[in-house]
Amino acid sequence: MTMARTISPSLAALVGAAAALTHGAAHAQSAPEGDHVGYRYNVYGEDAFDGAAIGSTQRYEVFSQQFQLGTHVAGGALDVSATHEVMSGSSPWYVLPGADGRPIQVLSGATIREHRSELRAAYTAGAGTASSTTISASYSQERDYRATALGFERSRPLGAALTLGYGASLSHDIVQPTDAVLYDRIHHAEKNTASAFGSLAWVLDRNSVLQAGVQLNHGDGYLSDPYKLVSVGSDILPDTRPGARTEGAALLRYRRAFAHPDGALHLDYRYAQDSWGIVSHTVDVGWYQRLPGGWQLVPALRYYSQAAARFYAPFFAPGEHRFFSSDYRLGTFGALSGGVNVRKRIARWDFSIGVERYHAATDYALGGSDAAVPGVVSYTRGFVGVDYDFD
Amino acid sequence: MRIDRCAMLLAVVLLGACSTVPVQPWERGRLARWDMRWDPDPLQAAANAHAHFSKEGSDGQIGAAGGGCGCN
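Line by line, the protein sequences give chains A and B. Every number in this note's numbering is 442 more than the matching position in the first sequence, counting from 1. Every number in this note's numbering is 83 more than the matching position in the second sequence, counting from 1.
Keep in mind that the hints were calculated from the coordinates and are not lab data. For glycine and all other residues, C-beta sits at the position ideal for the given N, C-alpha and C. You may find that some hints are simply not true.
Claimed, not checked - Covered by chain B, per the in silico footprint, the following chain A stretches (three or more residues, Cβ under 8 Å):
hint : segment
1    : 481-493
2    : 676-686
Claimed, not checked - Ranges between beta-carbon positions, derived for each pair:
hint : chain 1 : residue 1 : chain 2 : residue 2 : range
3    : A       : 831       : B       : 110       : 18 to 28 Å
4    : A       : 511       : B       : 115       : 42 to 52 Å
5    : A       : 513       : B       : 107       : 26 to 36 Å
6    : A       : 803       : B       : 107       : 46 to 56 Å
7    : B       : 115       : A       : 735       : 19 to 29 Å
8    : B       : 110       : A       : 477       : 25 to 35 Å
9    : B       : 115       : A       : 790       : 13 to 23 Å
10   : A       : 511       : B       : 107       : 15 to 25 Å
Make the full structure from the sequences, and use the hints.
Set out below in structure tokens:
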């Protein structure tokens, strides 16, 4: 990690788990998957900082590779995935008040190349059947950050059209910031995250399915960012957040198949609220268009909006503040993103390529906002991939 | 008020879903298609979620925790 996030469940593993859960939850729609391997190469680049700033303007770049192996073992399905990321660039560090009261973002020096490696394994008993159980484990390591997680998920039918899914997970993270002595950072800190979730999936008719789910996350321990500072009066102090955070979320997902044109509509909505005061809405819309010759075109749009944590401000006036952070990720902003993927099937091979453009701004927040949140990031991502089915 | 509106929307959707006619197994061919999965491409879904997770303040995902940070 170059700059730690606030609550630590990594969505890389989390989404994999969600996929496993929902395969069970909507078992009626998924044939058992055969043995397969997959590979993705991803490139991520942030836009240049366009506000008043001090420091390195070399923004963040990430190059990552993902590997996946799915196979049948001992009557169940084993899914193993590995990710390796290489990251470099500068990050928002703290914010100073300018002479006119407008914020000036101070950026860190560009980091040398950092690496993150992650390994995840999940075993599903009863994969592709009406009732399945998945256990999963993952481990992620960076020079200054380690995370270990265990998960359990279960799905079972509640009648012909309804499937119940539920599960729980635990994550233990350790952070040991670099240059702790030089910058007077905390030397060692830990945090734990526990999650519980449940979902119901309905087969609405022969063309559509709906899933509704809820999730509760609780994190405790060191939830601050050891690399970020805050301007409080004339002092520059370490980022200081509460030692616990509880988040509740609700999710709706809808899938509908169409014959003319031959495609499928994906609609997702997610609402989340946490004990720090952050409230977020996320809407995802995707269209999977089948084309002749084994081609598939997948355009997608996403909208995200969040309201700030109670203890967020770009900078603070002198006085007693128990908690304070100027991390833009805790501020009020919204983001619009759009992308398109193209896939081509040739025999047992699937080749894919895609791009996403993500643009974030404070005035994209739901209801609009003129809040000062310097450091909000826009980026462009792209990937190429290949998959092979053995069956 | 936002929570109230979300709860009402959820209730309407759930009630609507409960009123559906059962679909027989032999009528589920379209539902079994690859593009009807919740996440047809788990690798890309994981990469998308990781990018969003590292830039936004709210997770709100459904599923098990795990992994690390890899963010700035």
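For each hint, the structure was consulted:
Evaluation of the coverage hint for the segment 481-493 of chain A: fulfilled, as 3 residues show C-beta separations to chain B shorter than 8 Å, against a requirement of three. Coverage of the segment 676-686 of chain A by chain B is violated in this model, with 0 residues showing a Cβ closer than 8 Å to a Cβ of that chain against a need of three. Separation of residue 831(A) from residue 110(B) is about 26 Å and conforms to the stated range, judged on CB atoms against 18 to 28 Å. For the pair residue 511(A) and residue 115(B), the beta carbons lie near 23 Å from each other, so the given range of 42 to 52 Å is not met.
The hinted range of 26 to 36 Å is satisfied by residue 513(A) and residue 107(B), whose Cβ atoms lie roughly 32 Å apart. Taken as a hint, the range 46 to 56 Å holds for the pair residue 803(A) and residue 107(B), whose Cβ atoms sit roughly 49 Å apart. Checking the proposed 19 to 29 Å range against residue 115(B) and residue 735(A) shows it holds: the Cβ atoms sit about 22 Å from each other. About 29 Å separates the C-beta atoms of residue 110(B) and residue 477(A), a value consistent with the hinted range of 25 to 35 Å.
In this structure the supplied range 13 to 23 Å holds for residue 115(B) paired with residue 790(A), their Cβ-Cβ distance being about 19 Å. Take residue 511(A) and residue 107(B): their Cβ atoms lie about 35 Å apart, and the range 15 to 25 Å is violated.
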